[in-house]
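Student: Residue-level listing of the chains:
There are 4 protein chains.
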Amino acid sequence: MSTTRSPVKLEMVDAPNQPPASPELAELYRGLEAESLVPLWTEIGDLMPGAPDSSAVAHLWRWKHLLALAEQTGDLVPVGRGGERRVLALANPGLGGRPFATPTLWAAIQYLKPFEDAPVHRHTQHAFRFVVEGEGVWTVVNGDPVAMRRGDFLPQAGWNWHGHHNVSSEPMAWIDGLDIPFARYVESTFFEFGPDEIAERESPDRSRSERLWAHPGLRPLTHLGPAPATPLLAYRWEATDRALREQLALEAEGYTATVEPGHAAIRYTNPTDGGDVMRTLRAEFHRLAGDTRTATRREVGSSVFQVFEGTGTVSVGDQRWEVERGDLFVVPSWQPFSAETADGLDLFRFSDAPIIERLGMDRVETEGTTT
Amino acid sequence: MSTTRSPVKLEMVDAPNQPPASPELAELYRGLEAESLVPLWTEIGDLMPGAPDSSAVAHLWRWKHLLALAEQTGDLVPVGRGGERRVLALANPGLGGRPFATPTLWAAIQYLKPFEDAPVHRHTQHAFRFVVEGEGVWTVVNGDPVAMRRGDFLPQAGWNWHGHHNVSSEPMAWIDGLDIPFARYVESTFFEFGPDEIAERESPDRSRSERLWAHPGLRPLTHLGPAPATPLLAYRWEATDRALREQLALEAEGYTATVEPGHAAIRYTNPTDGGDVMRTLRAEFHRLAGDTRTATRREVGSSVFQVFEGTGTVSVGDQRWEVERGDLFVVPSWQPFSAETADGLDLFRFSDAPIIERLGMDRVETEGTTT
Amino acid sequence: MSTTRSPVKLEMVDAPNQPPASPELAELYRGLEAESLVPLWTEIGDLMPGAPDSSAVAHLWRWKHLLALAEQTGDLVPVGRGGERRVLALANPGLGGRPFATPTLWAAIQYLKPFEDAPVHRHTQHAFRFVVEGEGVWTVVNGDPVAMRRGDFLPQAGWNWHGHHNVSSEPMAWIDGLDIPFARYVESTFFEFGPDEIAERESPDRSRSERLWAHPGLRPLTHLGPAPATPLLAYRWEATDRALREQLALEAEGYTATVEPGHAAIRYTNPTDGGDVMRTLRAEFHRLAGDTRTATRREVGSSVFQVFEGTGTVSVGDQRWEVERGDLFVVPSWQPFSAETADGLDLFRFSDAPIIERLGMDRVETEGTTT
Amino acid sequence: MSTTRSPVKLEMVDAPNQPPASPELAELYRGLEAESLVPLWTEIGDLMPGAPDSSAVAHLWRWKHLLALAEQTGDLVPVGRGGERRVLALANPGLGGRPFATPTLWAAIQYLKPFEDAPVHRHTQHAFRFVVEGEGVWTVVNGDPVAMRRGDFLPQAGWNWHGHHNVSSEPMAWIDGLDIPFARYVESTFFEFGPDEIAERESPDRSRSERLWAHPGLRPLTHLGPAPATPLLAYRWEATDRALREQLALEAEGYTATVEPGHAAIRYTNPTDGGDVMRTLRAEFHRLAGDTRTATRREVGSSVFQVFEGTGTVSVGDQRWEVERGDLFVVPSWQPFSAETADGLDLFRFSDAPIIERLGMDRVETEGTTT
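Protein chains in written order, with the numbering used here: chain A, 1 to 371; chain W, 1 to 371; chain R, 1 to 371; chain F, 1 to 371.
These aren't lab readings, by the way, just hints derived from the structure by calculation.
Possibly wrong hints are sitting among the right ones.
Taking lysine to any residue pairs in the SDA-like style, the calculated list, with each CA pair at most 20 Å apart, reads [unchecked claim]: (1) F:K9 <-> R:H65; (2) W:K9 <-> A:S55; (3) R:K64 <-> F:E135.
From the derived model, a few chain F residues whose C-beta atoms are all more than 12 Å from chain A [stated by the list, open to error]: (4) V8; (5) D46; (6) K64; (7) K113; (8) H263; (9) A265; (10) D276; (11) A289; (12) R358.
Heads up, incomplete: computed chain R residues facing chain W, CB under 7 Å, no partners named [unchecked claim]: (13) A214; (14) P216; (15) L218; (16) V259; (17) E260; (18) P261; (19) A265; (20) T272; (21) G360; (22) R363; (23) V364.
For glycine and all other residues, C-beta sits at the position ideal for the given N, C-alpha and C.
All chains should be modelled from the sequences, with the hints used to inform the complete structure.
Tutor: Spelled out as structure tokens, the structure:
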């Protein structure tokens, strides 16, 4: 038997549905502790609530504060083999100081100074970059250099080699989203170091992946097999912006094209199957036209939003914030979310919805309508 | 902004790959704490290990101890509305005293005294029962009474109403397996109380679900649509035993029918799609013939085993135990497992493999061969 | 250009929607003939009817006549390499004398005299055997001898080696169903001769495939990969009969278990995915209790039925027949079908529904309700 | 029993594997004829060849002849309700004068004079248009006007309302591809007339479907459900041409991007699942750079090609043709195909491959390598 000492500690409680305290019960609890056993009756309220009662809390991080701190790290923290990345992760105050934006999601600001490299490695965790401002960095994925520019969404599925290099004389910051907390929780993570140097130092306008894949509905005959993650490494702002403008224009012409009045939205998808870009991460972009208010909605699963442009008011649970460019906030599982704006609001969103949906745990409630 | 105080606490550390301590770094860390941010460089070793380094530990629970404690609870703990079940959960010593056999799996012994009822409820968590000895209890699932007898595997997918009643003058104990830790982690859980009384008090030999579904390869025309969980509520011992005997007999006749020499095994599957019985739980039964040793194998994802019959030696990580009927043990993610037996060993196993596989995180290594 | 002469022959027709006859039109038609072109306007009524207008006709074949003729062939026609099988195929009178029960389906009686062999071959066409009476023949599929007995359904997916041998002193007849017409139409057929002798001459009660697979919901761990066709080579009468009896019993107890009152039915399915046994063929067994009449129903796609037991009246299109054991009839695409019986009627059915459904062409109408 | 007279006619033949002629055999054959039965032994060579032996033949249609005949029909044949379309279909000389390019595929030239309409209807057959030259026609699909221009591929899945109108002062011709022969064969066809007038007479540069869907990897949140056919109604030449140019450029830079040296190719796909645009039809575009020769390849299933640009030599079975812009040719099932070009050759191709693959009948052989 394991020599590990049992950390179980049980106490008799005078409460409804609890067995009456007695010397015999105390002795039983000592026996359970010794055998590493825990009764259901002391735990059921926590384990089996009537509806999800998230430990993560609704929280907002101001971009200006993040960016200022990231700039400070530039002076104090080297980037290189071992530390690997100069990254500050959102730590949800409900999650005990761990660097987890939500129980499943990692969200962080990454910062690279002029002409710096972040060294090559690979890991099974899925990742993406999203750029709220700036440019000058190329992320090199399996040898394919991918430019990063404002508005671009840059997915990077697990186990691909990648490093970043800044070819410009300006620093650059962006956000990273990963499934680190989830992968750690299910204990599935593998990691390997790559070469210390990034070999491919070109800075082409378009990556090879885009040249092969960024043609709507056209699939190269060399790549007909299944691809569990998207082979397209950059979803450019120009396309996203155009798609959203067209939805609002179609709405104005009288056609169904928006999620609700004034609310355009696209999901980034894997062109090989039309599903999410990665098996654990969903990414979307939402545009609210001026004078728009979304329906209040709650969902099983958690999300992180970043304001890309505009201003507005967002409500999450019992929190309510005025937001502006770059601000990040989380929507924990089953907490109601809504947003409104006078002048227009562009929101990037990512979530753990593919986990929830693939395992059949999805539930959505929109202003009282449960599905 | 949330008024929650940040629980982040950062300390400067004199270690490789850590930035040098300085008053500026200290000030930066105070700033990060104030903004609920955590650097990657202090966490990367924990978050991104080279291979899964499970927090759960290999551990064994002896059936005779479990059963003795369960019998004690029979005298001290009532079963009824509120507490819902008389259940003792395995608490992995590596998981801080929480009632989690592994990070994702719940495993427990449930105990019902003569003529007792466990009241009707439903929850989104998936569950099953497995009976290592005894009989006399019927679990009533959506009004369909299902007998529970030694060797039976009784799946019960989420959100189905269920209660149990003991129709005999003997107590009965069995094990429950659920995805409670996982569902709690992803914050997806819903729960509802049913009627206080179990209405259907019949004790038929076979449930209606078996009468409709337990015919190999034959599907009722009334049930052609997709079923995310198995509609078959009982997988009877007679069938399991026969399937295993046939595999060993075929092996003896010279045909490929066993996983490896002397090792027969079946997976319990959903007859509507041939996949796992539930979206988060896999269940299997393994039979080792006398004088058999399995190959050492490790997998991403965690498992719980119960010895059904026989004796043998099992190795998990650096643990090694002699086991006998009813003993339960866990195999944490990526820890090597093997078993050997002189006289034969029957093992029931359940795991979180459907979660791991549906999300593309599966990796298996068998005596040096990684796939 | 091909030197093949054009078989196109066009005539000017004085009819609505046809261009007026003229010397110029005549000259145009000669030009089209020369270039192997055909106008849509002369063909549209045939090619694009408002609803399917089957060329196959409703037709009945009497078992007693089939069997008598099959017995005659036993005396006159050897079975051996080259001819391969002693088989008489149903030739739908609407299909020009070709051996096609419907445009897609082959249905035939096969006859094997005492101690005869039908030699080993394989073909890409999918096949099954169904036994309305008799026994004594084993079909050997990839070396696995499979007994054939009354009521058994014996699927045999394409490209498996197979031969038959009669180990008894009685002749035996059964029906074969295949997708020969479909495979020929899409020009996908491959065929190979096997050894002249059947090597495996055992006559076990159960095949190895049954020993591995005929356990409800239990899947051997050696066979977890996808299987496009069922690995179970025999669906025994005892199981089919029991499943149908249970459905009627459950109906009598007040539960939903039958397709409609008095009408029990099962579909034979692939245990690895819950779908049809083969990619082009569906097989079902329907039991009508006494004093039952089915709703009239029509479907896109064609079927062949064989009466297994009992008597009744079946209606197909404008045909109406009294039927009895062994009688075979076809239901062409979109022709209404119903059946009624005073004393009970057991019907085996096979169809091309998997083709229709996989290609999204399915449509069903039940007594006026279209889906 | 059906009153239809049997069309079966059997003759005794003095040949290997045929039963010896005798009065008894003659009498048996008369009996089989009377009962509408056909022996396998007289048919097996035709029904079960060693490999597909297509009845369709390799054949070429010259665009200049097609176009000249289409222009003649413009003067002689009205287009309107009843005839529905002014269309000339390729009639494969091996298929008895029927308007079938191959057993499964319809290919035709359609011709619309200045300011003409082709009236609105819908049918379950899947269709597309491909434009080798010209412009000025809009096809209106469920009220969405879609411009047709050189190089565009315009899919139109079954059961959508559609009509065409020519808004220009020039006639326009294009090719239509459909699954008419297949749908007729399986007897699945439904057809309905729409309004006599096309209501939507706008001529926008881009259809609403493109405005919603032609953004690579971006899916509108309003359309997340499964779509069995592509919702994108136009695949524009500019995108196709760019994708092919990029493949050849990547090849020149040393990356794998082409099917074989000098041979770029894309498949038109459904952005909702990455599969074929329609359930029965595949469409691709192939570009051969100058001085390129493809490997010889044969496949189960049939194809139609149209030369879009350039010149070259194509070989199909034992045919060999010099081809130029607009020429159409068929590749029957399992006939070897290759192409070569000195100056470059652009080929549009469509086929029945989705039928073949969905039913598991696909087989490919490339210069001796079978897969």
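Student: Look at each hint and say if it fits the structure.
Tutor: Checked hints:
no., hint, verdict
1, F:K9 <-> R:H65, "holds (18 Å)"
2, W:K9 <-> A:S55, "holds (19 Å)"
3, R:K64 <-> F:E135, "violated (65 Å)"
4, V8, "holds (45 Å)"
5, D46, "holds (34 Å)"
6, K64, "holds (30 Å)"
7, K113, "holds (31 Å)"
8, H263, "violated (9 Å)"
9, A265, "violated (4 Å)"
10, D276, "violated (10 Å)"
11, A289, "holds (15 Å)"
12, R358, "holds (15 Å)"
13, A214, "holds (4 Å)"
14, P216, "holds (4 Å)"
15, L218, "holds (4 Å)"
16, V259, "holds (5 Å)"
17, E260, "violated (10 Å)"
18, P261, "violated (12 Å)"
19, A265, "holds (4 Å)"
20, T272, "holds (4 Å)"
21, G360, "violated (17 Å)"
22, R363, "violated (16 Å)"
23, V364, "violated (12 Å)"
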